[in-house]
Structures are given as structure tokens and as C-alpha cells.
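Chemist: Spelled out, the chains give:
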Amino acid sequence: MKELNDLQLKVLDLLKEDARRTPALLSTLLGESEDKIKAAVAQLEQEHVIVKYATVVNWSKIDDEKVTALIEVQITPERGRGFEGIAERIYLYPQVKSVYLMSGAYDLLVEVEGGNLREVANFVSEKLSPIDSVLSTKTNFILKKYKQDGIIFEDHQEDNRLMISP
Amino acid sequence: MIVNEQTTGNNKTMSSYLAPLVKQIPPSGIRKFFDLVGDNKDIITLGVGEPDFVTPWHMREACVYSLERGMTSYTSNAGMPKLREAISSYLDTQFDTKYDPKDEIIVTVGGSEAIDLALRALIVPGDEILIPEPSYVAYSPIASIGGGIPVGVETYAKDQFKVTAEALEASITPKSKVVILCYPSNPTGAIMTYEDWLPIAEVIKKHDLIVIADEIYAELTYNQKHVSFASIPDMKDRTILVSGFSKAFAMTGWRIGYMCGHPELIAAMLKIHQYTVMCAPAMGQVAALEALTNGLGEKDRMVESYNQRRRLIVQGFRDIGLDCHEPQGAFYAFPSIQKTGLSSDLFAERLLTENKVAAVPGNVFGPQGEGFLRCSYATSVSQLNEALERIGNFVYKVQKEG
Chain V
1 MKELNDLQLK VLDLLKEDAR RTPALLSTLL GESEDKIKAA VAQLEQEHVI
51 VKYATVVNWS KIDDEKVTAL IEVQITPERG RGFEGIAERI YLYPQVKSVY
101 LMSGAYDLLV EVEGGNLREV ANFVSEKLSP IDSVLSTKTN FILKKYKQDG
151 IIFEDHQEDN RLMISP
Chain G
1 MIVNEQTTGN NKTMSSYLAP LVKQIPPSGI RKFFDLVGDN KDIITLGVGE
51 PDFVTPWHMR EACVYSLERG MTSYTSNAGM PKLREAISSY LDTQFDTKYD
101 PKDEIIVTVG GSEAIDLALR ALIVPGDEIL IPEPSYVAYS PIASIGGGIP
151 VGVETYAKDQ FKVTAEALEA SITPKSKVVI LCYPSNPTGA IMTYEDWLPI
201 AEVIKKHDLI VIADEIYAEL TYNQKHVSFA SIPDMKDRTI LVSGFSKAFA
251 MTGWRIGYMC GHPELIAAML KIHQYTVMCA PAMGQVAALE ALTNGLGEKD
301 RMVESYNQRR RLIVQGFRDI GLDCHEPQGA FYAFPSIQKT GLSSDLFAER
351 LLTENKVAAV PGNVFGPQGE GFLRCSYATS VSQLNEALER IGNFVYKVQK
401 EG
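Quick note, the sequences are listed as chains V and G, same order. Take the first sequence: its position 84, counted from the start at 1, is 84 in this note's numbering, and no numbers get skipped. Take the second sequence: its position 76, counted from the start at 1, is 76 in this note's numbering, and no numbers get skipped.
Hints may be right or wrong, so weigh each one.
[As the list claims (entries may be wrong)] Just a few of them, taken from the derived set where beta-carbon distance is under 7 angstroms, the chain G residues facing chain V: (1) Thr45; (2) Glu50; (3) Ala358.
[Unchecked claim] Quick list of the computed label-pair ranges, beta carbon to beta carbon: (4) V/His156 - G/Glu354: 32 to 42 angstroms; (5) G/Trp57 - V/Phe141: 21 to 31 angstroms; (6) G/Gly321 - V/Phe141: 55 to 65 angstroms; (7) V/Asn160 - G/Lys206: 41 to 51 angstroms.
[Said to hold, decoys possible] Facing chain V, according to a computed beta carbon distance under 8 angstroms, are these residues of chain G, among others: (8) Ile30; (9) Phe34; (10) Val37; (11) Leu122; (12) Val124.
The set of hints was computed from the structure by calculation and includes no laboratory data. Just so it is clear, CB atoms sit at the ideal spot from N, CA and C, and this is done for glycine as well.
I would like the entire structure built from these sequences, with the hints used as guidance.
Modeler: Here you go:
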């Protein structure tokens, strides 16, 4: 496990809120030199603590058909490799958005995105289920996303404060 | 019986029924800006004297749960014993001030009620109340209503608006009785360190004064921990400590504060409290207890966030070319606008109407605030950046005119 220093943790917090914050802004907000910020970010990137800067998209705004399913998958681990090999076989499909190894009643939680219901159903029946070590699948479609990765999709909290107060 | 002036034919107006001391209070200087802003959504406001966070969910939830359980009756006058115990141990651990929850603490309707209780209990008409300026706007009117005479103590930008023993001593007369010390300061963001306090304590002792220490912003200090005036040697008995949950825990609308002091003083103030409000709202007390029990982590996160924005706004003003001392507490920056040649009032009014940024002119906080602008940085980073850009454009425009 990597030990992060205080500055790196603060940089991570600020970038998680908004990945577009520039080193100059981070430097002002944290009261550290821009060089120090750049070095901290570079190290985080190099060590793959920061994996990628991506955009959180609310697809339901633009595409009614698009669906996401969380699929519970039970598998028999492979001798010597455990779950790694089978997880890789699954996550290499581009329509698979995330794969987690879980404790509990099933082994892998697979998030699959499709242009419509049928696409996801086809993926499960043609790609996922036929894998030898897959024992069973249970597909749960997501009906609405309220919050993802700490980001609320439709924030109803307004600023109700008086514009001027003592 | 109130007689209608038209039927009696005399010139008596309704306001003639008012007590002169109330009638003489000037209208708040903030009022005018409040009206100018209206509900214009294009305006970015740096005029808000409260956190931009909503009360953390677990505190709101604790209150909702207490309502579900039917906790809707009066609490004891001084506040729920559990809350007073929590306040007592919180003050001890955080600020090294020890108060007995039995008879040295009252839970009040915001820090505001505590100030009112303290002043009402202490003032004999004619007493002079010393108030370092620029100062929060409420002290002087409340002192006046009680027949006290507010006396401003000058503080200066060159001292980062700290109150000095010399200025305090210069304002003292035989009638001086109470000093109101609000540090961290609204509006200047000034703080007082242990070393800053010592000479003040000497003057207080020498002239046998009593202190109302409004430490509502105690949790909001940056780079160093707040030093309570009550923790200075020999000052505890001379100090009525006023604080509350509004600023530290983003609980302004709940109206929960508290005051601590010598049992004889607190007993007198409790009499006024019980006859005027009975007790602070029960549901707010529940949320406050939750804040002290489980909310210190959220509080620290909010303070860190203010600190980041504090650096942003100070840097922003300096980039624009306005002198801005580094505020060490609260969530206000207090830049000087003197080099624009405009008065505080005109600067704020033109900034609002021409470039759509609301801020509070420094003169509202007393004559010492003239030439300054109070800007709250309790607003989002993107709003702050936009506001700073607009202020920069405005200052540039004004300087070209000159």
C-alpha cells in the first residue's frame, strides 16, 4: 500500500471534485508552490494512484434507450489463478464498464452498458453465460442513477441564503 | 387606548408611541444593499455572513428522528443537561476553558440572544460599552437600547485589525464597564493570539472591566488554533463567553448558541432568558448535541475548505492590485479599496449595479471600516473566481476614469 503525504491527499480531494482544476489554482487553494503541486500530481499519475481523468456523463439526458445492468456472476475459480483470469476475460469487453470481486452470495459484480435492453441481454446470453467457469448470472437493470462516485446527478439543493446578511 | 389621529385631529404619529431609545437606532447600513440586490439572479454575492454548506445530513437526521419520537416539549431553561455537558467538555478539550454544565452554561437562541442577555444583565444606563471597530453591526444598537453608550475602539489595517492595549486604554473613562471582544472578527477576519491577549487582559484588570467575548468564529481559524479570552490567566471570571453552532457546524437557521460565565452572572442572565424565551428550540438542541458528538470531522472538512477559498480570494485581490491583509479567521476578506478613490459606500453600490457583485461596504461596521469592503468567501470556487474577475474589471474601469 502506498503512503500518500498530506499534500497528495489534498490534491486528490480537489481533483476528485473537479479534474479540470489547474496546477495554478491548486497552488493558490492549498498555499503551496505550483512546482510542488505539479510534482505531487506527476507522482500520483506515475504510480497510477490517479488512473485517469474522465467525465461523469448523465446519459439519461440524451439517450432514452441506453441501459446499464449490474450482473451478479457466480464462477468457479481457476486453479492457481483464482478469479484474475476470468475477471480479465470479462472486463476486456468494451461494453463492460466495471468489474468487482465481491464477498457474499456471488463472486463478480459486472456493470454492463448497452444501447438498449436487447444488447445487454445478448451480451449475457452469448458472451457471459457461455464462459466455462461461469455457473450462474443474475441481471439487474438500473432504472435511474441518483448519485455516482459521490456525485449527485440532479441536485435539488438550492442556495437559499439571503444575498446580504451581517 | 390608541386614538386615531384623524378623529382627534392632533398631530400624534404612531412612532410617537415608540420608546426614544428604540427610535434613535439608525437603520442598518446593510438594508440598503439588501434592497438593491432584490432577487437579481445575475448577481454574485460576497455579502453573505453565513456558511455555504447545508447542515451536515447526520445532524438534520438526528433532529428529524427526535421529532418522530415526539421530543417536542420545553427543555430545562438553561438547555438540555446532556447538551450542556457536551458543550462543557467540548470547550475544555478544544479551547482549554472549563465551565460547569450545572450552573455556568446557558443554551441560547443563537449567539445573538446571548449577547442581548449579557448586555441587558450588565448595563446600567450611562455605562460605556467599549467595542473595537470595525465591528459586527449588532453590538452597538443592543447596548444603546439598554441605555448603554457604545464607544468605538479604533483598530487598524497596519495591525491586521487586532485590538491594541493602547487604543483600548485611550477609550476608557470612569464610566467604562464592558468590553465586547469579537475575535476571530466579523468583518475583518482578524484573530488574537495568546501574546496579543496578554496586554489586553492587563488593561481589563487595571480598569476593572468585564468582557463579553463573542467567539462564534472560534473554530474558523487558519494556521493556528483560536485562543479563547476566557483561557487567559485571571480572565475567566471577568469574561462572559458567547459562542454557538451557526458558523462552525453550518447551523445558522437553527438558532442555537450558548453563553458561559461565572455562576452569579449566569444565574442573572438565566432569569431574563427564562422570562423571555423559556428555552432554546428543543429540536435545534438535539441537532447541536449530534454536532458535538459526531460532527467534529465534518467541521474540520468545512474549515479546510474555507481555508482553500481564503487563499484564493486574498490572492485574487492582490492580483487585482487591492491591498488585502491576510485574514486569519472567520470567512471574510477585508480588502482596502482606498486606491480607487471611491468611498466604501459608493464602491459597493457601483460594483453592484455596474458589475453585478454584492459585497458589504466597510463603513457599515463603523467609521474605522471606511475604505474597506467586506467580502465573504463562503461561496463556491467558481463563483469566487467569477466575482474576482468582475471586481478586477470594475477596479480597472474606475482607475481609468480617475
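Chemist: Now look at each hint and say whether the structure bears it out.
Modeler: Here is how each hint holds up against the structure:
1. Thr45: This interface hint holds because 4 angstroms falls under the 7 angstroms limit.
2. Glu50: With a closest approach of 6 angstroms, the G/Glu50 hint holds.
3. Ala358: Hint on G/Ala358: holds, closest Cβ of chain V at ~6 angstroms, below 7 angstroms.
4. V/His156 - G/Glu354: 32 to 42 angstroms: holds (33 angstroms)
5. G/Trp57 - V/Phe141: 21 to 31 angstroms: Holds, at about 28 angstroms.
6. G/Gly321 - V/Phe141: 55 to 65 angstroms: holds (58 angstroms)
7. V/Asn160 - G/Lys206: 41 to 51 angstroms: Because 48 angstroms falls inside the window, the suggested range holds.
8. Ile30: This hint holds: G/Ile30 lies near chain V, its Cβ roughly 6 angstroms from the closest one there, short of 8 angstroms.
9. Phe34: holds (5 angstroms)
10. Val37: holds (4 angstroms)
11. Leu122: Hint on G/Leu122: violated, closest Cβ of chain V at ~22 angstroms, above 8 angstroms.
12. Val124: violated (27 angstroms)
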